[in-house]
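The primary structure of each chain is shown beneath.
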Amino acid sequence: MNLKKTLLIALILGLIAIISWETYWRSQGYYPNLDDNKELWAVQRAKVNQLTDADVILTGSSRVLFDIQLNEWEAETGIRPLQLASAGASPLPIFHDIVENTDYTGTIIVGVTPGLFFSTTYPLALPWDWPQTRVNHFHNRTYAQRLNHQISLPLQKSLVFLSANEMDWTDNIDLKSLLKTIHIGNRVIDPMPPFNNFYDTLEDRNTTMTERTVTDTAFANTIKKVWGFYGSTSPPPDKASTMAFFVKDANKFIAKGGHLILLRCPSSGGDRIGENHGLPRADFWDDLLKQTNVKGYHFEDYKQFQNFECPEWSHLSAEDARFFTTELAKIMMKDNVITNSKIN
Amino acid sequence: MLFNSLSFVVFLAIVLAIYYSKIFSWTNKKRMLLLSSYVFYGMWNPPLVILLWISTVVDWTAGKRLAVEDSQKKRKLWLVLSMAVNLGFLAFFKYGDFLLENFKALVNSIGIEFQAQPMDIILPMGISFYTFQTMSYTIDMYKRKTERARTFLDFALYVTFFPQLVAGPIVRAKELITQFYEPKKATVNQFVWGLFLLTIGLFQKVVMADTLLSDTSDTVFGSDKLIHGLDAWVGTLAFSGQIFFDFAGYSTCAIGIALMLGIILPDNFRYPYASLGFSDLWNRWHISLSSWLRDYLYIPLGGNRHGITRMYVALMLTMLLGGLWHGAAWTFIVWGGLHGTYLILEKLQKRFLPFKITKWNGIFLAFITFTCINITWVFFRAREFDTAWNMIKSMFYMQTDGEKILGSFDILKVCVVIGILFLCHWLMRNTSMKTVSLKTPPWVLGLVWAIMFFLICIAQGSGEQFIYFQF
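Quick note, the sequences are listed as chains A and B, same order. Note that my numbering has the first sequence beginning at 1, numbered continuously upward. Note that my numbering has the second sequence beginning at 1, numbered continuously upward.
Keep in mind that the hints were calculated from the coordinates and are not lab data. Hints are supplied without guarantee of correctness; some may be wrong.
Stated by the list, open to error - Label-pair ranges, simulated between beta-carbon atoms:
1. Tyr122(A) <-> Leu100(B): 51 to 61 Å
2. Ile121(B) <-> Thr52(A): 33 to 43 Å
3. Lys404(B) <-> Pro194(A): 16 to 26 Å
4. Thr431(B) <-> Leu178(A): 31 to 41 Å
5. Lys47(A) <-> Leu100(B): 32 to 42 Å
6. Leu179(A) <-> Thr400(B): 23 to 33 Å
7. Thr133(A) <-> Thr178(B): 39 to 49 Å
8. Leu179(A) <-> Pro118(B): 36 to 46 Å
What the hints assert, rightly or not - Stretch-level coverage of chain B by chain A, calculated; a stretch enters the list once three of its residues show a Cβ under 8 Å from a Cβ in chain A:
9. 40–48
10. 398–410
11. 436–450
Just so we're clear, the structure is a prediction, and the values are computed from it rather than from any experiment. Glycine included, every Cβ here is placed at the ideal spot set by N, Cα and C.
Please construct the entire structure, taking both the sequences and the accompanying hints into account.
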C-alpha cells in the first residue's frame with residue numbers, strides 16, 4: 001500500500017477543494033466575520049472583574065449592541081465601554097449575573113427593547129434561555145474551550161468558510177446550514193421567514209449593521225418580515241414578573257453603590273407602531289423609570305433622535321449609530337450621569 | 001480536550017513534534033506523554049486530575065502488593081481495596097444522585113418522610129472508562145493473569161494514555177503496558193494510516209453524527225408532542241446512526257492517534273449493524289467493554305458453567321449492569337434488560353429452533369437484528385420513560401394521530417444515510433478497512449480522504465461533546 005502517495009493526493013485535492021470553496025463564497029459577497037457567540041461574549045464578561053467605578057458596561061438586547069458604537073463613545077468620554085448586550089435576549093439574566101456575581105459598582109447602561117425586556121422570566125423561554133446560556137457558559141467554560149476560541153479568532157478573521165455562526169442564520173454556509181436550505185414537499189411547514197445575518201462584529205463585540213442591510217431594500221425587507229413574525233407569534237408581555245425581577249436587582253445594584261441608566265434606543269416603521277400599540281410608553285417605559293427611580297433616556301425625548309429611519313425598523317445603520325452614540329454621550333455628560341475621563 | 005477541536009490539533013502537533021524529536025530518551029518521552037495526558041484531561045477540569053492520580057496510586061500499590069503477596073487473605077484485601085476505591089468513585093460521582101433519588105423514593109413508598117436535595121455532583125469525564133481499565137489490571141494481577149507493570153511511569157501512562165483516556169477503548173494491561181517497555185516509533189506507513197484513521201474518525205463524528213443526524217434525533221426525542229410513527233422511526237434511526245458514528249468515530253480517532261505514536265490499540269467496533277443476532281452484536285459493538293463485562297462479570301457470575309438457568313441469570317445480570325454502566329437512570333437499565341432478553345431468546349432459539357445462516361437469509365437476519373437494536377435505542381436515548389413509551393407506541397402505530405414534525409428532506413436524508421450505513425456494514429462484516437484499502441488504488445483512497453477532509457472543514461463541527469463522554 002503506497003500510503004505516502006495517497007496522502008499526497010489527499011493533501012493536494014483537499015487544498016484545491018478548500019481554496020475553491022473559499023473563493024466561491026467570497027465571489028458571492030461573503031467576507032470574513034467574527035461569530036458573536038458565547039465565547040466572544042464570555043471574554044468580555046470576564047473583564048468585568050477588572051473594571052473600576054469609572055467604567056461603563058452596556059447590556060440589553062440587539063439595539064444597544066448595534067446602536068452604541070464603542071469607538072465613538074470612547075472618543076467622547078475617554079472610556080471604552082464593555083459590550084455585554086445580547087441579540088434577541090432579555091437583558092434581565094445578564095444584569096442579574098453582574099449584580100449577583102460581581103463586585104462591580106461602576107455604571108451599567110441597560111437597553112430597554114420593550115418586547116424583550118418585558119417578555120418573560122420563564123427560564124426555558126428563548127429570550128431568557130439564550131442570555132442565560134451565555135452566563136452559564138462564562139461560569140462553566142473549560143480551559144480547552146477558551147483555548148479553542150483564541151485559536152479560532154485569527155482563522156475567523158481570515159477565512160470566510162470558517163464563519164459558522166451560533167445564530168441559526170438562513171445564510172450561514174456551514175454544511176449543516178446549507179443542508180437546512182433544502183426543502184422537499186410540504187410535509188412540515190416552517191412558519192419562520194428566512195432570517196439572514198445583518199451585522200458585523202469585532203473582537204470587543206463592537207457591532208455594526210451590514211452595509212447590505214442599508215443599501216438593499218429587498219434584503220432589509222426580509223428582516224422586517226422576521227420582526228413581523230415575532231410580533232405576531234410572541235406571547236403577551238409579562239410586565240409584573242419582569243418588572244419585579246429587574247427592580248429587585250436594580251435596587252440591589254444601587255444599594256451597592258452602582259450607577260444604573262436605562263436607555264430606549266430608536267425604532268421606526270412597523271416596529272415602532274407595534275411597540276406603541278402593544279407596549280405603550282406610559283405603561284411600560286415610564287412605569288419602569290418610576291419603579292426603579294433611575295435616570296432613563298428615551299430617544300423620543302431628544303430632537304436629534306426623533307427622525308431616525310431604521311433600515312429594518314429596529315436598529316440604526318452604522319452611520320446613524322455613530323451619530324446616536326456621540327450625541328447620547330454628550331447628553332449624558334451634560335446631565336452628569338457619566339463622567340468625561342478626558343477632562344477628569 | 002476534544003479530538004474535533006482546534007486546541008487538540010495544536011496539542012497533537014506539539015506532542016508529535018516532541019515525541020519524534022531526538023532530544024529525549026524513551027523514558028523522558030513517556031514522561032512527556034504522561035504529562036500531556038494530564039494536560040489533555042486537565043484542560044477540561046483540572047481538579048479532577050486528582051481522581052486519576054488517586055486511582056493510579058491505589059492500583060499501582062495494589063498491583064505491587066499482589067505481585068509479591070502469597071497470603072490469599074491479604075491478596076483479597078488488596079483487590080477489595082482497589083475495587084472499593086474505583087467503584088467508590090463511580091458510586092459517588094456517577095451514581096450518587098441516582099442512589100439518593102431511589103433511596104428517597106423507596107423510603108417514601110413505605111411511609112417514611114424523607115427529603116434530600118440532589119447533590120449535583122460533577123461527573124468526571126470518562127470516569128467509567130479509566131476506572132474499568134485500572135480495575136482490569138488489579139483483577140488480572142489478583143488472578144495472576146498479567147505481569148506487574150515494570151515501573152510506576154509505565155503504569156501511570158497505561159491509566160492515563162490520552163488517546164483512549166476518556167472514551168476508550170478500555171485496554172487491558174497486557175495489551176498496552178508492555179508496549180511502553182521498549183521505544184516505540186511509528187513507521188511512515190503506520191503514521192500515515194494513523195492520520196487516515198484520525199480523519200475517518202473525525203468524519204464520522206463531525207459530518208455523519210453531528211451534521212447529518214444529530215438534529216433529527218434531537219428534534220424527535222426532544223419533542224413534547226405525540227408524534228407520527230414515521231417521525232418516531234426516523235428519529236430512532238437517526239440516533240442509531242448518531243451514536244454509532246459518534247462512538248466509533250471516537251474509537252477510530254483514538255486508534256489512529258495512538259498508531260501515529262507507534263502504539264497499537266485494539267479495535268472497538270467491527271461493523272456492528274450487520275450483526276447476525278445479539279451474541280454477534282456484542283462481539284462487534286464496544287468490544288472492549290463487552291469483553292470486559294464477559295471476563296470480569298459474566299464469567300465470575302458463573303457464565304455457562306453451572307447450567308442453563310444460572311447462565312441466563314448471569315447473562316441478564318451482566319446486561320443490566322452493562323446498562324447501568326452507561327448511565328445512572330432506569331432507562332439505561334431497561335436498555336440493558338432488553339439486550340439481556342434478546343440474548344436469552346437467541347440462546348433459546350439456537351437450542352430449540354436452530355437454523356443455518358446462509359448468504360440468502362443472512363441479510364434478512366441482520367436487518368431483523370438491526371431493527372431490534374433500534375427499539376433498544378429508544379430507551380437509551382429517551383430521558384424519561386414517558387418519552388420512550390410514546391416513541392414505542394408511535395413506532396408501532398398504536399398512536400395514529402401523532403404530529404408530523406420532520407420535513408421530507410430530513411426523512412430522506414436519514415433513510416439514505418442509515419441505508420448506506422447498513423449496507424456498508426453488511427458488505428464489510430467479514431473484512432476490514434485495512435484489507436479493503438490494500439486493494440484500493442492510491443488515487444481512489446486519496447480522493448476519498450480529500451473528500452472527508454473537505455467535508456470536515458466545511459462542516460465546522462460545533463458538537464461540544466462525544467456522547468460517550470457522559471458514561
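Hint-by-hint comparison with the structure:
no.	hint	verdict
1	Tyr122(A) <-> Leu100(B): 51 to 61 Å	violated (28 Å)
2	Ile121(B) <-> Thr52(A): 33 to 43 Å	holds (38 Å)
3	Lys404(B) <-> Pro194(A): 16 to 26 Å	holds (22 Å)
4	Thr431(B) <-> Leu178(A): 31 to 41 Å	holds (34 Å)
5	Lys47(A) <-> Leu100(B): 32 to 42 Å	holds (39 Å)
6	Leu179(A) <-> Thr400(B): 23 to 33 Å	holds (30 Å)
7	Thr133(A) <-> Thr178(B): 39 to 49 Å	holds (47 Å)
8	Leu179(A) <-> Pro118(B): 36 to 46 Å	holds (39 Å)
9	40–48	holds (count 5)
10	398–410	holds (count 6)
11	436–450	holds (count 9)
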